[in-house]
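Listed below are the residues making up each chain.
There are 2 protein chains.
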Amino acid sequence: MKLSDIGERGLIERLSRKIAIGDDAACIRFGNSYLVISTDMLYGKTDILPEMNFEQIGKLAVTVNLSDIAAMGAKPIAFLLSYGSPDMEVDDFEGIIKGVEKQCKKFDVTYAGGDTNETDELILSGTALGLAKRPVMRSGAKVGDIICVTGELGTAALGVEISTKKLRINEGKILKKALEPEPRVCEGLVLGKYASSMMDISDSFAVSLHEIAKQSRVGAEINLENLPITENARKIAEKLHLDMRDFALYGGGDYELLFTIPKRYLSKIKRNVEFNDIGQIVKTGVVGLKNGKTLKIEQRGYEHFKKDKQ
Amino acid sequence: MKLSDIGERGLIERLSRKIAIGDDAACIRFGNSYLVISTDMLYGKTDILPEMNFEQIGKLAVTVNLSDIAAMGAKPIAFLLSYGSPDMEVDDFEGIIKGVEKQCKKFDVTYAGGDTNETDELILSGTALGLAKRPVMRSGAKVGDIICVTGELGTAALGVEISTKKLRINEGKILKKALEPEPRVCEGLVLGKYASSMMDISDSFAVSLHEIAKQSRVGAEINLENLPITENARKIAEKLHLDMRDFALYGGGDYELLFTIPKRYLSKIKRNVEFNDIGQIVKTGVVGLKNGKTLKIEQRGYEHFKKDKQ
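Those protein sequence lines, which keep their order, are chains A and B.
Counting from 1 along the first sequence, just add 37 to a position and that's the residue number in my numbering.
Counting from 1 along the second sequence, just add 37 to a position and that's the residue number in my numbering.
Calculated directly from the structure, the hints in this document are not laboratory data.
Treat the hints with care, since some could be wrong.
Stated by the list, open to error - Cross-link-like lysine-lysine pairs, in silico, DSS-like; alpha carbons within 30 Å at most:
hint	chain 1	residue 1	chain 2	residue 2
1	A	K327	A	K300
2	A	K82	B	K39
3	A	K39	B	K82
4	A	K170	B	K82
5	A	K135	B	K39
6	A	K142	B	K170
7	A	K39	B	K142
8	B	K135	A	K251
9	A	K82	B	K142
10	A	K39	B	K135
11	B	K135	A	K82
12	B	K142	A	K170
13	A	K39	B	K139
14	B	K82	A	K135
Computed from a predicted structure; not experimentally measured.
Using the sequences plus the hints, can you model the full thing?
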């Protein structure tokens with residue numbers, strides 16, 4: 038049996054029987070707080086768009102890791118980078134490091150060191166460390182909780198589609214969402230106090246929704262008309278004959294936070310964080326509602342080791 | 038200018054102007070202690086011997102990181118693995134994970150999670166976390182301190198030579214040092230209380246000696262006749278017409294600890310840890326003494342991005 042027979046999620050399933058994984062980052066009790074640690078690798082060939090400049094590549098290596106820390110409701114404190122590449126221009130290498138430094142500085146994170154290696158492909162394996170009084174797990178959603186998501190959905194995936202298929206459209210804003218996503222660090226910190234469950238949606242909104250439902254042993258009902266899709270993205274997708282709702286549900290690369298909160302906190306949090314409430318936790322089933330109809334939301338998104346990549 | 042024009046050490050030199058590196062692991066103050074974090078990547082093509090089985094590969098990914106934690110005199114507490122490979126047998130993948138698990142368990146370290154990726158080559162990027170009351174830096178050696186090293190020198194490099202050149206010799210013990218090195222975790226913990234400087238010697242004894250001298254702004258004098266080379270290794274090297282002293286000074290892959298201690302602690306520590314004292318810290322110069330002659334010890338060892346690899 039090969040890894041491609043079970044896919045990345047099957048593989049993580051197997052790992053989780055052995056180790057305490059199942060969340061965006063690992064948590065270790067430390068005095069009255071928790072240390073939260075995430076490690077995430079960028080692999081040049083699959084994770085980096087050809088349009089990205091070196092600074093954007095370095096920035097992304099930080100972003101993917103800080104996003105995992107944010108998803109735990111933790112405050113990121115340090116970042117390390119294990120770097121690998123073939124021989125290259127020193128200036129380009131320094132461009133990557135500049136991107137790392139700037140993104141760390143933006144979120145008041147210490148760039149604390151790392152490791153350098155010679156490899157055939159560019160590899161940026163980052164580690165982020167954070168602190169949380171109460172880490173938010175994927176497993177805490179309760180029936181009746183409101184389902185919410187920060188930012189907009191599907192824009193990064195639309196950007197990737199435009200980029201990889203070289204579609205003729207001049208849309209800097211959308212491309213920027215794919216080239217320079219930002220982690221929801223500040224939002225995560227506020228939400229950490231109230232959310233009953235949380236996860237980032239880097240693989241896809243649908244994958245994360247299913248994951249929260251599974252870990253919390255509940256179901257989810259999404260009002261499809263409330264999915265936060267920008268007017269701009271919708272128009273461009275239409276022009277290109279692409280299904281924007283499909284990108285919003287199943288596209289990867291949006292570093293937004295999907296979370297659930299008890300209803301009573303809704304108005305309070307809305308004063309401090311921008312987000313959309315788009316559904317509620319129910320007993321079973323992961324579905325979307327539209328015009329009174331119920332549609333199944335598939336467990337589909339970006340996945341390594343999958344024979345039919347979507 | 039290319040990375041190969043400056044080499045890995047030139048590259049780290051440049052990085053160290055920007056970030057607080059210069060030690061085996063990063064240190065972050067945390068209450069009354071320090072969090073010590075190391076990240077180190079194994080790249081299939083360059084870091085893994087063809088004779089290694091999957092369990093040994095997994096074990097090595099843990100060892101290289103725990104060795105960095107040990108070199109700070111810290112207690113390792115957690116390990117994370119960012120995993121990348123092409124499609125492969127699930128059993129082989131599980132062999133790697135078994136090696137990781139067993140090595141973590143041996144040193145009472147929590148295997149806390151990680152990340153999985155699809156890549157062209159096997160990549161195991163580990164992160165280890167430790168705690169220390171007083172991390173031991175490379176910069177604390179003082180003139181008059183005794184220079185010491187744990188274990189034996191050069192055996193792993195001899196093993197690698199036998200393995201890569203397919204030399205005809207049946208010597209399991211020596212090969213095992215190359216295939217299954219062990220980190221000096223327990224020794225590091227004891228030495229942490231007394232050592233004035235410490236570093237592991239994974240790139241080579243000479244590289245680490247120069248590094249300690251440079252960071253501490255001192256020199257070092259080594260009694261070459263006291264280098265801990267086993268009789269067995271010496272005999273085999275002789276039979277193969279190889280220079281065992283060269284392996285001991287300049288070979289990579291020995292995960293031993295090089296450290297300096299104030300003279301007054303010497304007999305006290307000898308009761309608790311096995312090691313050899315092989316020289317002393319002087320004002321300037323990094324040299325070896327033999328039969329009354331002074332020989333220069335070069336700054337040479339394993340280095341990525343180097344045109345003429347040694």
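The hints, checked one at a time:
| no. | hint | verdict |
| --- | --- | --- |
| 1 | A:K327 / A:K300 | 22 Å, holds |
| 2 | A:K82 / B:K39 | 21 Å, holds |
| 3 | A:K39 / B:K82 | 21 Å, holds |
| 4 | A:K170 / B:K82 | 42 Å, violated |
| 5 | A:K135 / B:K39 | 17 Å, holds |
| 6 | A:K142 / B:K170 | 27 Å, holds |
| 7 | A:K39 / B:K142 | 27 Å, holds |
| 8 | B:K135 / A:K251 | 27 Å, holds |
| 9 | A:K82 / B:K142 | 34 Å, violated |
| 10 | A:K39 / B:K135 | 17 Å, holds |
| 11 | B:K135 / A:K82 | 28 Å, holds |
| 12 | B:K142 / A:K170 | 27 Å, holds |
| 13 | A:K39 / B:K139 | 23 Å, holds |
| 14 | B:K82 / A:K135 | 28 Å, holds |
Hints 4 and 9 from the list above are not met by this structure, while the remaining hints are.
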